[in-house]
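S.K.: Work out the full structure: start from the sequences and follow the hints.
Here is how the chains run, residue by residue.
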Amino acid sequence: MAHKGKVWKFGANIDTDAILPAFYLNLTDPGKLALHCFETNNPDFCLNSHEGDFIVADANFGCGSSREHAPMAIKAKGIHCIIAASFARIFFRNAFNVGLPVIESLEAAEKIGAGHEISVNIKKGEIRNFTTRETYRCEPLPDNMLSVLQDGGLIPHLLAKKNTQ
Amino acid sequence: MGMTITEKILAKGAGLDEVHPGQLIMCEVDVALGSDPTAPLAIEQFKKAGGQSVFHKDKVVMIPDHFAPNKDILSAEKCKILREFSRDQDLKHYYELGEMGIQHVLLPEKGIVLSGHFAVGADSHTCTYGALGAFATGIGSTDLAAVMLEGRLWFKVPASMKLIYSGKLPKWVGGKDLILHTIGKIGVDGALYRAMEFHGDAIEELCMDGRFTMANMAVEAGAKNGIFHVDTKTTAYLQDRTESAYKVFTSDLDADYVETIEFDVSAIEPQVACPHLPSNVVGLSELGEISIDQSLIGSCTNGRISDMREAADVLKGNKRDPRVRLIIIPGSPKVWRQANNEGLFDIFMDAGAVISTPTCGPCLGGHMGVLAGGERSIATTNRNFVGRMGHPESEVYLSNPAVAAASAILGKIGGPSELGLK
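Protein chains in written order, with the numbering used here: chain L, 8 to 172; chain W, -14 to 407.
In case anyone wonders, no lab produced these hints; they're calculated from the structure.
A portion of the hints provided could be inaccurate.
As the list claims (entries may be wrong) - SDA-like cross-link-like pairs, simulated, lysine to any residue; straight-line CA separation at most 20 Å:
1) W:LYS141 to L:PRO147
2) L:LYS169 to W:LYS32
3) W:LYS32 to L:LEU34
4) W:LYS56 to L:LEU34
5) W:LYS33 to L:LEU166
6) L:LYS16 to W:VAL371
7) L:LYS39 to W:LEU59
8) W:LYS33 to L:LEU34
9) W:LYS170 to L:ALA19
10) W:LYS141 to L:PRO108
11) L:LYS168 to W:LYS32
12) W:LYS33 to L:GLN172
13) W:LYS141 to L:PRO149
14) W:LYS32 to L:THR35
15) L:LYS168 to W:ALA34
16) W:LYS33 to L:THR171
17) L:LYS169 to W:SER38
18) L:LYS168 to W:GLY36
19) L:LYS39 to W:ASP57
20) W:LYS141 to L:ASN151
21) W:LYS397 to W:GLY273
22) L:LYS169 to W:GLN37
23) L:LYS168 to W:LEU134
M.R.: Structure, rendered in structure tokens:
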């Protein structure tokens, strides 16, 4: 049974300064970064999002700087997965590298609303919306990318590979 | 089918005869760059992965520039991590205060990135080096850790788009205006995942500094890289900075472009990006009356000697409006010294400016000119997102150096023509 969670909805071009303002870049502890995630851009999310919630956004999520602190903060906040119409490319790489699942789906981004309850099956490429009883397709992730996520990011993945060799 | 300049450099990096858009490849890198906000995380990951020594001590570059000179204790700790790692690893290219400049001003100046290079950096504006005919792109800290370990990284070959600029550039219109105009037309995701390839007779007329400005902001359109072809201006620039051999790549005539856009630059006036997106661009004449509290001239976008001269041309004999703080940040010690030797500092100080040591500082709300709530700055920087330069209720307008200088004098956003300058 795939994990079910509540959706926080964001618009287009959510930049990394909105996710985590630059003056927190000196923090590297994920727990501390989580405290400031969307602090000024969306204080409601910052205060009230829960472990297992989802973010659904329009195009170009994570544009701007290369700061890995941004996906780190979202992951530490407990967000299960981000679905967006598209992602800025550095953010997309960084998210996988820190073990945060990100999925592109224009249809899901358009049809899923704030507060909807959804689940995602990344392996099958399927997004289920329990609020509207719809199902959306997305590109299934290849096994090598899935194992990066399962290991919790690129470095833990490389270490796990090393240990099994 | 022929290949674009970007595809050729990626093919070389991957050791392949040819590559095509969408292909996943593993590339050897020539330069891997880190700075104080991103490198400490990369160093932590490098050590976690069991890293002992970096793949090549001349190819890993560390620059403490964002919050340096150390703005507070936390910044001091981060810069210390860079410094100690660079010493432990015996890195050739670590630059301490006095030699340190804003990384994307410093690396080309020092001849560290050359034409044909494959450069990555844990800073989104690494794409600046495309002005040299290099492939350069931003990555995150974990990717930088992987590169420091192995000297290579996986990439998806981007589709290329061709941007052609024709006509004569009007006075006070330069690289900043061309790239702002372009982002205004295509949007902040108009080049998402793509390579932006810059062409046209107006580009040939543009000085190297203007090309750095344009390549720098390719990421603001979502691009993976921005790239220029090597010409006599490029080779003259490199001649003064390196004795190393470099390779020149050229797009084939039958190369494939996903999109081609043409611009008549003779019709472009100085451009201004309004809050809160770099694509929110209007011509200066359409802007209306916008009073300002601060004018910032500098950054990896416009902190080079041509930018300093352009600002001086406007500031000469003028005085800033008493309500405006004018902050000028030459991008490297070389730019600083040159501006000083050319007498530009007298012009700046007579105009009421403060001149800072090189740093990224205020561009990302770090230090040396952070904005308070309700304040507004004109800036020659690259981003105007909410809270970018400080308080979430402050505002940033982006422009070229001449407009930022003129605005400081006028007390509101305006151009040199409003000061009677031709």
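S.K.: Hinted pair, alpha-carbon criterion (20 Å max): LYS32 of chain W, THR35 of chain L. Please report holds or violated.
M.R.: holds, 15 Å
S.K.: Straight-line Cα separation of LYS33 of chain W and LEU34 of chain L no greater than 20 Å?
M.R.: Answer holds: LYS33 of chain W to LEU34 of chain L is near 18 Å, not above 20 Å.
S.K.: So if I understand the rule, the pair passes when the alpha-carbon distance is 20 Å or less; does LYS39 of chain L with ASP57 of chain W pass?
M.R.: It holds: about 18 Å lies between the C-alpha atoms, which stays within 20 Å.
S.K.: If you draw a straight line from the CA of LYS32 of chain W to the CA of LEU34 of chain L, is it 20 Å or shorter?
M.R.: It holds: about 18 Å lies between the C-alpha atoms, which stays within 20 Å.
S.K.: Taken at face value, is the distance from the CA of GLY36 of chain W to the CA of LYS168 of chain L at most 20 Å?
M.R.: holds, 15 Å
S.K.: Is LYS141 of chain W within 20 Å of ASN151 of chain L, Cα to Cα?
M.R.: At roughly 15 Å apart (the allowed maximum being 20 Å), ASN151 of chain L and LYS141 of chain W satisfy the hint.
S.K.: CA of LYS169 of chain L to CA of LYS32 of chain W, is that 20 Å or under?
M.R.: holds, 15 Å
S.K.: Between LYS168 of chain L and LYS32 of chain W, does the CA-CA distance stay at or below 20 Å?
M.R.: holds, 16 Å
S.K.: Would the pair LYS33 of chain W and LEU166 of chain L pass a check requiring their Cα atoms to be no farther apart than 20 Å?
M.R.: Holds, because 9 Å separates the two Cα atoms, which is no more than 20 Å.
S.K.: Are the Cα atoms of LYS16 of chain L and VAL371 of chain W separated by 20 Å or less?
M.R.: Within the cut-off at roughly 18 Å; holds.
S.K.: Can you confirm whether the C-alpha distance between LYS141 of chain W and PRO147 of chain L stays at or below 20 Å?
M.R.: Within the cut-off at roughly 18 Å; holds.
S.K.: Within a Cα-Cα threshold of 20 Å, do LYS169 of chain L and SER38 of chain W meet the stated pairing?
M.R.: Judged against 20 Å, a Cα distance of about 18 Å means the pair holds.
Of the numbered hints listed earlier, not one is contradicted by the structure.
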